[in-house]
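Chain by chain, the residues run as shown.
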Amino acid sequence: MSIVTVQLGQCGNQIGHEVFSALCSDIRGTHGLCSKNENQSYQDSCKERFFCEEESAVPVARAVLVDMEPKVISQALSMAASSGHWRYSSHSHFCQKQGSGNNWANGYCVHGPRHKEAIMNLVQKEAERCDRLGGFFTIMSMAGGTGSGLGAFVTQCLRDAFPTSFILNHVIWPYGTGEVIVQNYNSVLTLSHLYHSSDALLVHENDVIHKICAQLMNIKQISFRDVNQVIAHQLGSVFQPTHPAGGGSGYSRNPLGDLMETLVPHPEFRMLGLRNIPQMPESSLPYSTFSWPGLLKHLRQMLIANAQMEEGIDWQVRPPQPGSSIPSTNKPLHFNTSIANLLILRGKDVHSVDVGSFQDPSLYTSWLNPQDAFNAWKTPRAFNKYEKSAALVSNSQFLLKPLDSIVGKAWNMFASK
Amino acid sequence: MTQSVVVQVGQCGNQVGCRFWDLALREHAAVNKKGIYDEALSSFFRNVDTRSGDNGPDIYKGKICSLKARALLIDMEEGVVNEILQGPLRDVFDSKQLITDVSGSGNNWAVGHKIYGCQYRENIVEKLRKTAEYCDCLQCFFIIHSMGGGTGSGLGTFVLNLLEEEFPEVYRFVTSVYPSGEDDVITSPYNSVLAMKELNEHADCVLPIENESLFEIVNKIHQMINSGKLGSTVKQSSLVTSSAGNAKTLPEKPFDAMNNIVANLLLNLTSSARFEGSLNMDLNEISMNLVPFPRLHYLVSSLTPLYTLADVNVPSRRLDQMFSDAFSRDHQLIQADPKHSLYLACALLVRGNVQVSDLRRNIERLKPSLHFVSWNQEGWKTGLCSVPPVGHSHSLLALANNTCVKPTFIELKDRFMKLYKKKAHLHHYLQIDGMEQSCFSEAIASLSDLIEEYNELDATKGGPRIDPSRLKIAV
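In order, the protein sequences belong to chains E and X.
Note that UniProt numbering gives residue 327 to position 327 of the first sequence, counting from 1, and the numbers run on in steps of one.
Note that UniProt numbering gives residue 7 to position 7 of the second sequence, counting from 1, and the numbers run on in steps of one.
Keep in mind the hints are simulated off the structure, nothing from the lab.
All residues carry an ideal CB built from backbone N, CA and C; glycine is no exception.
One should not assume that every hint holds.
[As the list claims (entries may be wrong)] Listed next, the in silico DSS-like pairs over lysine-lysine satisfying Cα-Cα at most 30 Å (straight line):
1) 97(E) x 33(X)
2) 211(E) x 367(X)
3) 421(X) x 401(E)
4) 197(X) x 421(X)
5) 97(E) x 61(X)
6) 197(X) x 97(E)
7) 461(X) x 401(E)
8) 97(E) x 96(X)
9) 61(X) x 127(X)
10) 197(X) x 422(X)
11) 97(E) x 127(X)
12) 220(E) x 367(X)
13) 472(X) x 401(E)
14) 47(E) x 401(E)
15) 97(E) x 34(X)
[Stated by the list, open to error] For the chain X half of the interface with chain E, some residues (derived, Cβ under 10 Å), not all of them:
16) 1
17) 36
18) 165
19) 294
20) 384
Model the full structure from these sequences, guided by the hints.
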């Protein structure tokens, strides 16, 4: 099944470009560490999902690029074409002359209705190019005007036009100390609207990725390109083909559906977070070795202590003891309770990994069985030159604090004077 | 890509405007090596086929044939505009973009606004329409004028009114040069206050400039060059005050250095809209983010660095120095000290080889020493443009909506009241058709209200921060 990506606004288009680049370079790499057949079937599956093969041999990304001003889209198109390994279709983009001015209302109430037909036409065409449509993946930021406002409108249109398709929104949480002064207003408006139409929101916070770049990737002068590449790596580790949970040969044919099934058991809780280890500069990879128990131990602690990267984890945080009569509302406040978790493991010896530590019922809420709340997907084919790579997608309390902070600031700005 | 039109009114406006076009050509020449007319150029210039005379058609793509500025030059006396038309920039301006008269406004706002306004209204509207027709997507009008004189102040604000009526959806950014204390025009307080009322009501954004500040910056640079304290030499073309590096050598005129600073301000302001970058900041975003309430639209600007040394290695300490300088008193373009007043909002537009981590690091570093209003504690707007200005590897423009403009306005009000109490020079104004005493009292009331709004905000500074209580959700 194929996924159609909709890139919205400057942020969406810049990240989208890095995602397709990462996916392409992964399947072209020879570090699969698995049999040739396995590698071939991995490549085919990825290509079917994200690219459209044309006679011209260069795969064309299944993407629609939308922005209200032309500079970013033309940059993305030319960068993709110059890579020589993949490109965007020349007819799948829509842009206007003048941006949205960081104004959510401009994006949602003005640009949205005005350009609805044109944008939905492009989406329809992309959808028709797919043999089987697996759903939509939209990339946007919350702080600006186009990604946030127009993004919310487009998501609604997608929901209206494709009522039975899955829609996964990838949302970028802005830096806490501000990129845009009205970002809190834009964010609150976006989240509330997206919640109605989207199936799940996958969130990446700029602050967190920035720290990963600084401390783990050792980048001295971090540019947005670096941030976007880390995000692309994390997304790739989730969306590249995996074997379905029940084992069996062949790669999963319904990535978005499987994702939603495992992670969104309750419609009220749709915010998903992503953790991926290990992360390090490419130059250090040949000198590092990892063990699955070590990786899983770190991931588990990262989950319950709400840490976003391997350094600085608070090992003191422990789940409450099972069997004691503490009701779930009394759990220690810094313990991150999960609703559902999905572990995606890629690389060497992956089938021998014991994931029992994630099935501990004390990690989860009381109304869900750990057997239903936890799933693991394993793939022997290594991802993006990492011999072993583990990604954890979780539906948990991790966004509580940032969300509260944004709502607080927006309310402050609104209610004073 | 959007286009902007520059309307330069009066002697000051035209002299600054002239420097702006010269530096704009220089900047685009440095970036556009192949001579192809691209989108960046189209934001300020038209490409006209002049082989068949001046009325040739516009060429939208391909090689540059003849660049014409998207500008309107207005002056009620001929001297300044004639000088421009005989100078090296004569080919950049279309003869149809000029509106001139002979006798000038006599430093009288009423003459500029009421008499010449009425007389030239049709002419101005027609020429504005023409310029707008050449634009694919007109986003912004830049008005450059001074507040103290007659034409720039009076006719300039009349044009501002016109723009609001005829093009309500297009932004109006006004660069106003405020008179300094020792201004030689006696009636400048009257002219300025009358003009302020118009700016309060009809402009989207005002960038006030004071000659004193420009003068101090020019002096500072002179000292820097002549003192010989620095080991390496300063790159001539990098001076924010220099006209060096253009193909056409102009004889240096007295106000050129100061006007170059203002020209650089406008270039940096529009750089992210013209060139690419990793975090674009368009002109409509400036107004959206920096103007919390419609009347408080006065932005204090500062430009750094003022010059570059010829040595190529720029350690990141210099980068941090650039950020610190932007908040210091000496770099502001009006006589004000934003660090000790209250910030309503702040925007940082960085150009060149600066990445988001440098930006974040410096914001974290400088934030503790700045006072922000309680409902906008982390209110920063940032923009990153990859193309640096000529002669620099990076530069920073800081725009602040800050209560430090208050002293400037209070001084203006005091000077106005000194004259008004004695009714000195009033008869020159009142004898103009359409001028009455009420114009004056309304103008001073408008200014007083503005000062009062800033006062109220200042009163909240430093006080205990009481956040409004959060909404309770019915469960």
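Is the interface hint for residue 294(X) satisfied, with its Cβ closer than 10 Å to some Cβ of chain E?
At 13 Å from the nearest chain E Cβ, residue 294(X) fails the 10 Å test, so the hint is violated.
Proposed interface contact between residue 165(X) and chain E, which counts if any beta carbon pair is under 10 Å: violated, 21 Å
Checklist entry - Do the numbers back the hint for residue 36(X), that is, is its least Cβ distance to chain E under 10 Å? => result Residue 36(X) check fails; min Cβ-Cβ to chain E is 14 Å, beyond 10 Å.
*Holds or violated: are the alpha carbons of residue 97(E) and residue 127(X) at most 30 Å from each other?*
Holds, at about 24 Å.
Next on the checklist: Tell me if the straight-line CA distance from residue 97(E) to residue 33(X) falls inside 30 Å.
Outcome noted: holds, 24 Å
Q) Given the hinted pair residue 421(X) and residue 401(E), is their alpha-carbon gap at most 30 Å? A) Violated, at about 59 Å.
Original post:
If you draw a straight line from the CA of residue 97(E) to the CA of residue 61(X), is it 30 Å or shorter?
Top reply: holds, 16 Å
* Asked: Is it true that the CA of residue 97(E) sits at most 30 Å from the CA of residue 34(X)?
  -> holds, 24 Å
Given pair status - residue 401(E), residue 461(X), alpha carbons within 30 Å: Holds: residue 461(X) and residue 401(E) sit about 28 Å apart, inside 30 Å.
*asked:* Check the hint pairing residue 47(E) with residue 401(E) against an upper bound of 30 Å on the C-alpha distance.
replied: This hinted pair is violated, its Cα atoms lying about 38 Å apart.
message: Checking one constraint from the list: CA of residue 197(X) to CA of residue 421(X), max 30 Å. Satisfied?
response: OK: residue 197(X) and residue 421(X) at ~19 Å, within 30 Å.
- Query: Is the shortest C-beta separation between residue 1(X) and chain E less than 10 Å?
  - Reply: holds, 6 Å
The structure does not agree with the numbered hints 3, 6, 14, 17, 18, 19 stated previously, though it agrees with the rest.
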